[in-house]
Structures are given as C-alpha cells and as structure tokens.
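Colleague: The listed protein sequences correspond, in order, to chains A and B.
Mapping of the first sequence onto this note's numbering: position 235 corresponds to residue 235, and the numbering continues sequentially without gaps.
Take any residue in the second sequence, count from 1 to its spot, add 1000: that is its number in this note's numbering.
It is worth saying that the hints were derived from the structure and are not from the lab.
In this text, all values refer to a predicted model and were calculated from it rather than measured experimentally.
For glycine and all other residues, C-beta sits at the position ideal for the given N, C-alpha and C.
Be a bit skeptical, because a hint or two may be false.
With a cut-off of at most 30 angstroms between alpha-carbon atoms, the simulated DSS-like pairs for lysine-lysine come out as follows [what the hints assert, rightly or not]: (1) 1117(B) to 1329(B); (2) 46(A) to 349(A); (3) 440(A) to 1117(B); (4) 358(A) to 46(A); (5) 1117(B) to 437(A); (6) 1248(B) to 1117(B).
DEER-style ranges, computed between Cβ atoms [claimed, not checked]: (7) 369(A) to 1210(B): 55 to 65 angstroms; (8) 1113(B) to 415(A): 34 to 44 angstroms; (9) 1207(B) to 418(A): 35 to 45 angstroms; (10) 1274(B) to 312(A): 48 to 58 angstroms; (11) 410(A) to 1231(B): 46 to 56 angstroms; (12) 1231(B) to 417(A): 44 to 54 angstroms.
Covered stretches of chain B, as calculated for chain A (at least 3 residues, CB under 8 angstroms) [to be verified]: (13) 1064-1071; (14) 1103-1117; (15) 1226-1238; (16) 1297-1307.
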Amino acid sequence: MDTLLLSRIQFGANISFHILFPTITIALGWVLLYFKLRFNFSNDMKWMEAYRFWVKVFALSFAMGVVSGITMSFQFGTNWPGFMETVGNIAGPLLAYEVLTAFFLEAVFLGIMLFGFSRVPGWLHTLATFLVAFGTTMSAFWILVLNSWMHTPAGFEMRDGVAHATDWFAIIFNPSMPYRLAHMLLASGLTVAFLIAGLSAFRWLIGDRSAGVRTTLRTGLTLGAMLIPVQIFMGDLHGLNTLEYQPQKVAAMEGNWETGPNVPLLLFAIPDEEARANRFEVAIPNGASLILTHDPDGVVPGLNDFVAEDGTALHPPVAPVFYSFRIMVGTGMAMLLLSWAAVGLMIYKRRGVDGLPKPLLWGLVPMAFSGWVATLAGWYTTEIGRQPWLVQGVMTTEQAVADVPAPMVASTLIAYLVVYALLLTAYIGVLFYLARKATKGEPIRPRVPPSGEAIVAAE
Amino acid sequence: MYLFGDPTVWLPVTFAALMGFSILIYVILDGFDLGVGVLFPFADGAEKDRMIASIGPFWDANETWLVLAIGLLLVAFPTAHGAILTALYLPVAVMLIGLILRGVAFEFRAKAPAPHKRAWNTAFFTGSLMTSLSQGFMLGLYIMGLQYTWATVAFAGVTAVFLTVGYSFIGATWLIIKTDEALQLKAVQWAKGGIWGIVLGLSAISLASPLVSPRIFDKWFSFPEAILLAPMPLMSAALIALLWLALKRLPTRDDSFAWFPFAASIVLFTLAFFGLAYSFYPYVVPEQLTIYEAASAPESLFIILIGTCFVLPTILGYTALAYTVFRGKATELRYD
Ligand code: HDD
Ligand code: HEM
Ligand code: HEM
Chain A
1 MDTLLLSRIQ FGANISFHIL FPTITIALGW VLLYFKLRFN FSNDMKWMEA YRFWVKVFAL
61 SFAMGVVSGI TMSFQFGTNW PGFMETVGNI AGPLLAYEVL TAFFLEAVFL GIMLFGFSRV
121 PGWLHTLATF LVAFGTTMSA FWILVLNSWM HTPAGFEMRD GVAHATDWFA IIFNPSMPYR
181 LAHMLLASGL TVAFLIAGLS AFRWLIGDRS AGVRTTLRTG LTLGAMLIPV QIFMGDLHGL
241 NTLEYQPQKV AAMEGNWETG PNVPLLLFAI PDEEARANRF EVAIPNGASL ILTHDPDGVV
301 PGLNDFVAED GTALHPPVAP VFYSFRIMVG TGMAMLLLSW AAVGLMIYKR RGVDGLPKPL
361 LWGLVPMAFS GWVATLAGWY TTEIGRQPWL VQGVMTTEQA VADVPAPMVA STLIAYLVVY
421 ALLLTAYIGV LFYLARKATK GEPIRPRVPP SGEAIVAAE
Chain B
1001 MYLFGDPTVW LPVTFAALMG FSILIYVILD GFDLGVGVLF PFADGAEKDR MIASIGPFWD
1061 ANETWLVLAI GLLLVAFPTA HGAILTALYL PVAVMLIGLI LRGVAFEFRA KAPAPHKRAW
1121 NTAFFTGSLM TSLSQGFMLG LYIMGLQYTW ATVAFAGVTA VFLTVGYSFI GATWLIIKTD
1181 EALQLKAVQW AKGGIWGIVL GLSAISLASP LVSPRIFDKW FSFPEAILLA PMPLMSAALI
1241 ALLWLALKRL PTRDDSFAWF PFAASIVLFT LAFFGLAYSF YPYVVPEQLT IYEAASAPES
1301 LFIILIGTCF VLPTILGYTA LAYTVFRGKA TELRYD
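Model the full assembly from the supplied sequences, consistent with the hints where possible.
Modeller: Pasting the structure below:
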C-alpha cells in the first residue's frame, strides 16, 4: 500500500475513533444540565441519582474525546501538510477559534463540574455544567463549519494556488453548514438518548427497580422518540442540499448510473463499478425521484455524467457510499420503530416503564450503540462521497498528502489501531460494569455540605 | 492592520510570541502533571491516589495549551508546521499514544473494576513517560536542526532523559505544595534527586546549541551581547543554589515556603525558554525558514488576533478561578 492510501486509512481510523466520544459528550452535557436543574427545582433524589451515574459516563467519554482530539490536531501536520499550505488561511482561523472559544472553556470548567460540587456554591456548579455543555457544542460548531466549507467552499479566492479569505460570513455560513450542523447535533442527541435508554434497560433487566433507573429509561426513550422524526426530516433536507452542490455524491448514494426521470429507490443492490450497473436490485419504483425532487417524473443525476473523456471516474467510489448511506438510514428506521413502540406502549398501558415487555427491553440493549453506527455510517457517506476531492473543486486528497515513507505510516497506523481496539473494549466494558455496580445499589448517602443543600457521595 | 506599520513584520512577530507563550505555559503546566506521572512508580497505593488528586482537576486544561501551541503553529506558520511535524513523525506518534494512555488512565483507574486498577496505573506511568521522553527527544532534534544523524539522535536521546527528569522535578515541587506528611517528605527527596538533572540538562543544551550552529554561537558570544546576556546564566545558577538550600530545609513545620521550589522552577523553566527563543529567533524551522517566510496571509492572522485579544485574558481569568477553587492540599477526588 502506498503512503496516500495508508494515510487515508489512518485519518479515517483516527477521526472515526474521535467522533464516537464527542457525539456522546455534546448532548450528554445538556442532559446532565437538565438532570441538575430538575434536581435543583424538585429536590427529588432520583434526579441526583441519574446525574451521579451519567456524570461518570460523561467524564470517561470526555477524556476519550480529548485525547483522541489531540491526535487529530497533529494529523494535519504529520500526514496532510498540503492541506494547510493550500487552505490554511481559511482552515487556520476556524481551528484557532475552536481552541480559543471552545476547548479552553470546556477543559477548565470540566474540573469544577466534576470535582467542585462541594467546593463552590450551587449556582457556580450549575453554571460550570452549563459552560461545559456550551463548550462542547461550540467545538462541534467550529469544526463543522470547517468540514462543511470543505464540502461546499465559499467566500474565498485563489491567488497563486493558495486560498485567501474574502468574506468570512460566507465562509462560516457556507451552503451546507446549517444542515450538517443540525444533522450532527441531532445525531448526538439520538446517540445519547439510545445510550441512556439502552444502559437503563440493561439495569432494569438485571433487576434494578430504583427511581433513578426508571427516570433515565423514560428520559432516554422520550428524547429518542422526539428527536428521530426531526432527524429524518433534517436528513432529507441535507440530502436535497447535497443534490444541489454535490450531485455526484447523491448519484452514488442512490446507486443511480444514468441521469433521468422516474428513478427507483433502491432498498438493496450490489453496485458494480466495472460493469457500471447494479446487481440484485430491490427497488421501489419512482422512489428516488419522489424523495429528491418531490415528483415521480423528477430527474435524478446519474454517475455516468461524471466520467472524464478518457474514462477515469470523477465521482466517488460507489459501493462504500451506497452501503454506508443505507446503514445510516436503516439504523434511523430502527430507532423510529423502537422508540415509538416504547413510548406508545407507555402511554397506552399507562404504567410507565413497568408496562414495557421484556423483548422490547432486550432490543434496546444493543441499540445503546446504534447512534455510533448511524453517525459513523453518515460520516463515511459524506466523506467518501467527497472523494477524490479533499476540498470540493479546490484540491484533491492526493495533493495534500505528506511525503512520509509508507512503512512509517503503516507502523503508526498499526499502533493506533491496537490502542483504539483496547480502549474501545475497555470503555464498553466499564460502561456495563458501572451499570452493574449501580444496580447492586450502593445506596446514595445524603450528606449535609457546608452550603446546606443535600448532596450525595460519588464513589 | 497598518496601525503598527507593516503587518507582514509585526504580525509574524506577534504570533511567534503568542506561540512561544503557549509553549512555555504548556511546558510548565503539563510539565508538572507529566512529572507526577513519571514519579508514580516510587509511590505506594494510597499515595498514588493523592498524587492523582493533586492534578485531577487541572490536567485537561493543561494539555489544551499544547493544542493551542500546535494550533498557532498550524495557523500562523503553515509551511513550518508541515515541515516540522513530518520531520518529527515518529516521536509525535509516540507522544500522542503516550498522551492517550495517560489521559484515559486517569478515568479508568477510578472507574474500572478494582483488579484492573494496577494495569491502569501502569498505563498512566507508561503514558507519562512516553510523552515526556518523546517531547525531550523532539526538543533535541529541533535544536540539532531537525537532521537525523547518529550524533543528533544521540543528543536528542540525552535531552529526552533530561527533559523527563526536569518534568519530574517540577512535578515533585508541585507535590510539595499539594501534599503533606510522608508524601510531602518523599516529594522533597524526589526534588533533590531531580535538581541534578536540571543542572546537567541546562548545561548540555547551552553547550550544544552554539556548537552546532555558528549563528547561535555569534548571537551569544560576541560583544556586547555576551555582557548583556550574562545575567541569564547567572540568575539560573543563583536560583539553583537557592533551590538547593530551600530543599534542604523543607518541609517546614508550618508549611511556610512550600511554594518556593515550584515558583523557582517556573522561573528556571522560563529563563531556559527565553534562552532558546533568543537563540532561534528569527527562525521557526532552524536555519531553514524564518517566521516571516513561513507566516500565513496577514488578513487571516489579523482575524485570529482580534479574537485572541478578547479570549486569551478570559481564558487566563477562568484558569485562575479553577486554581483558586482547587487550592490547598489535595484531598480525595469526589463527584460530590
Ligand atoms: C444518529 C445519527 C444519524 C441518523 C439516525 C441519521 N443520520 Fe444522516 N448523518 C449523520 C447521522 C445520522 C451524521 C453523522 O451527522 C452525518 C454525517 C456527516 C453529516 O453532516 O451528518 C450524516 C449524513 C447524512 C447525509 C449526507 C450529507 C452529505 O451529503 O454530506 C444524508 C443525505 C443524511 N445523513 C440523511 C439521513 C436520512 C434521510 C436519515 C433518516 C433516517 C438519517 N440521515 C439518519
Ligand atoms: C467526525 C467524523 C468524521 C468521520 C467519521 C470522517 C471520516 C472520514 C473518512 C472515512 C475519510 C476517508 C475518506 C476516503 O479517503 O475515502 C475522511 C477523509 C478526510 N476527512 Fe473526514 N471524517 C469526519 C469528519 C471530518 C472533519 C470534521 C474534517 C475537517 C476538519 C474532516 C476532514 C477530512 C480530511 C482532511 C480527510 C482527508 C483524508 C481523505 O480525504 O482521505 N473529516 N474522513
Ligand atoms: C479533523 C477534525 C477534528 C480535530 C482536529 C479535532 C480536534 C480536537 C481536539 C484537539 C480536542 C481536545 C480539546 C481539549 O484539549 O480539550 C477535541 C475535542 C472535542 N472535539 Fe474534536 N476534532 C475534530 C473533529 C471533531 C468533530 C467532527 C466533532 C463534532 C462534531 C468534534 C467535537 C469535539 C468535542 C465536542 C470535543 C470536546 C471533548 C469531548 O467532548 O470529548 N471534533 N477535538
């Protein structure tokens, strides 16, 4: 394998590992703030119980996110020096603002949020929780501005092969930014909703009947049921936006070779790039035209429009984009089914979480990580769908790669993969260990701190 | 933008200064918590928990200064960023894996099942050691002009060891402030052991860099610079002597002067840093690329500068808040 391919795999591995944890912390920060506020207003111990358990998950995920994020920020220099040399004038300020406005905020107040409960007044602790949640959301904002700009660049001009900013407003609010940001924030909310529901269902199934676990199970399911329709709607808008700016990506997502009207929606197929056709198609007639143009006779772009004179493809590799898109949408449908079934049953039987049948609860346990699957699949669709471009229409991935010997990249790649595999195993193991430990129920010991409010011990 | 004259001159200088400032803060702040990690094997179980507690609320923010420094290098001097990081490819990877191991070990050692705690303690130590060694190695190679020969790699090996000793020294002085009783006594011993590393390390770097580069030699040993610069090595020598005296008397009964070794090591690190900065200015890639040649477009730098002027004081403010909230002797870390 050459340096380019190895570097791409390494970048993909690193960012895939990184994104798992921000996806959790972005939304979990807000959920913790919600738990904290509910406790502040009701003084009901169950909210504190919920806070206590999930703040541990937050701390662990945050640490994983931070260390893998540091790896990310070095990748540009070690593997992709061409990226900063060409578009550094635009990417640089965006990354700098992320560090300045987001990373320091969350990193400093995290200490107070985690360990400051009995050291600072209640309002300051709540404020710290808010600032951490706000900081994680700001990181997502800045990095997604950059990423969206790479897909739909705007507000710049090229001088001597280097991009120079001309309009910062246009750069920040580039055409795909609002969709990508909304879709990612919703993805984060869904990931957390199903993680909470899944782990709580697990605790329930192994016999936990505490008020805390009831609360979190209900919160997770309700949040999931509320967000998933919005996400599907947002996803549709996102797709329409992509159709406008990156039609070759949509053609690959739909597996459509020839431009034309009445294009079917492929539920399953095996795209064959050699033959430039699909095998084993299972399709809904006119489906794709209907979704993308809201008209059965609407014209959908085809991949064959994106082939150079000499036959080289100017569109992304079809199969990975096609499959990962289906994995994401399929996961979204499973989320819709499960969360609506659960919330429907809770309302219909009027027994809250007690009314949920066992098979449904068992179904929720593996769904704890469904958000991860959908998020990764979504990112693969987007990012692979941009190839061969690194910045759409401005520079290709090949132009950015470093001149580092392939064996060197291979050796670091293997090292990262080993570390990631171990850490992921440890992370998931510890989540379930914490759940089992909480179920055994070391009762929370209310203590009276100097400030007079009731608080509870952490370990 | 033209307020202070030609922006292609003052903007690169400003950004070089900002980057230097972040590197210096990083080396001091993460230096002490990496050092505490390197000292881990010398402590027993309960002491390890206290050591972790002394850095728990801070380490994340400390590391963020590295992200800022590398970010500033990346945004302000993009070509230099590529050149330096590709030349340091392997040590950077070692450092990153080290940072990953120690960062997650913080959390895992407290949350994983009890039998795994030992393994995570080992990961914490190993990660801290990998990080310190690789940073020292990178410093050495940088001083040697980013060339790989037997001699430069050997020199980088030496700086790797000395920077690690330097970090454990500042880590030990941090523990003198944050702990008491037996552990504090131990920390004083560790600091006494580390001070020799500081002396040897500083002399090695001070001797090697002028020898490698005639340009640096001229900067230090020509008239009148040599006289103007003389206070720097003299101050360092005086500080080391004072440190030695202080360490012999610590810990005091009322804990007075427990802060002194840490404060003195901050000054020492700062002096060493300015020495290096003076040697290398105006180069960002030694002997190859000056800050003026490597700088990004002035419009982009200016946009960042505006933000920095507002945000940096705020960051310093809330960092001070965090250190005030968690002042005093380290107590058990709890979420309540
Ligand atoms: C919990 C996560 C999750 C779920 C359930 C969905 N998505 Fe998604 N999707 C993402 C998480 C995500 C993401 C990770 O946030 C992506 C990757 C990059 C991006 O902007 O959003 C994404 C990308 C993405 C794209 C590609 C955008 C581009 O071309 O750049 C489209 C068209 C959709 N999504 C559409 C959908 C539809 C129609 C869904 C209906 C079920 C759906 N997504 C569910
Ligand atoms: C966080 C979720 C993300 C995931 C899972 C992801 C995944 C991927 C994958 C799989 C590739 C390789 C594509 C290929 O070569 O076929 C890639 C490429 C790349 N992505 Fe992303 N990406 C994410 C976010 C981002 C963001 C936020 C940025 C911008 C800062 C970014 C910048 C890049 C760059 C620079 C490459 C270059 C390497 C390449 O194109 O092969 N990605 N990404
Ligand atoms: C190439 C792309 C990326 C780079 C270079 C990068 C860099 C970093 C760095 C350096 C950190 C650690 C900050 C600290 O020290 O506190 C971090 C954390 C974080 N990143 Fe990324 N990141 C990237 C992609 C993303 C994406 C795609 C998202 C989300 C949409 C994201 C969201 C976050 C969040 C929320 C944190 C805070 C820590 C946490 O919550 O775990 N990042 N990132």
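Colleague: Now tell me if each hint is right for this structure.
Modeller: Hint check results:
no.	hint	verdict
1	1117(B) to 1329(B)	holds (24 angstroms)
2	46(A) to 349(A)	holds (23 angstroms)
3	440(A) to 1117(B)	holds (20 angstroms)
4	358(A) to 46(A)	holds (23 angstroms)
5	1117(B) to 437(A)	holds (16 angstroms)
6	1248(B) to 1117(B)	violated (35 angstroms)
7	369(A) to 1210(B): 55 to 65 angstroms	holds (57 angstroms)
8	1113(B) to 415(A): 34 to 44 angstroms	violated (26 angstroms)
9	1207(B) to 418(A): 35 to 45 angstroms	holds (40 angstroms)
10	1274(B) to 312(A): 48 to 58 angstroms	holds (55 angstroms)
11	410(A) to 1231(B): 46 to 56 angstroms	holds (50 angstroms)
12	1231(B) to 417(A): 44 to 54 angstroms	holds (51 angstroms)
13	1064-1071	holds (count 6)
14	1103-1117	holds (count 9)
15	1226-1238	violated (count 0)
16	1297-1307	holds (count 6)
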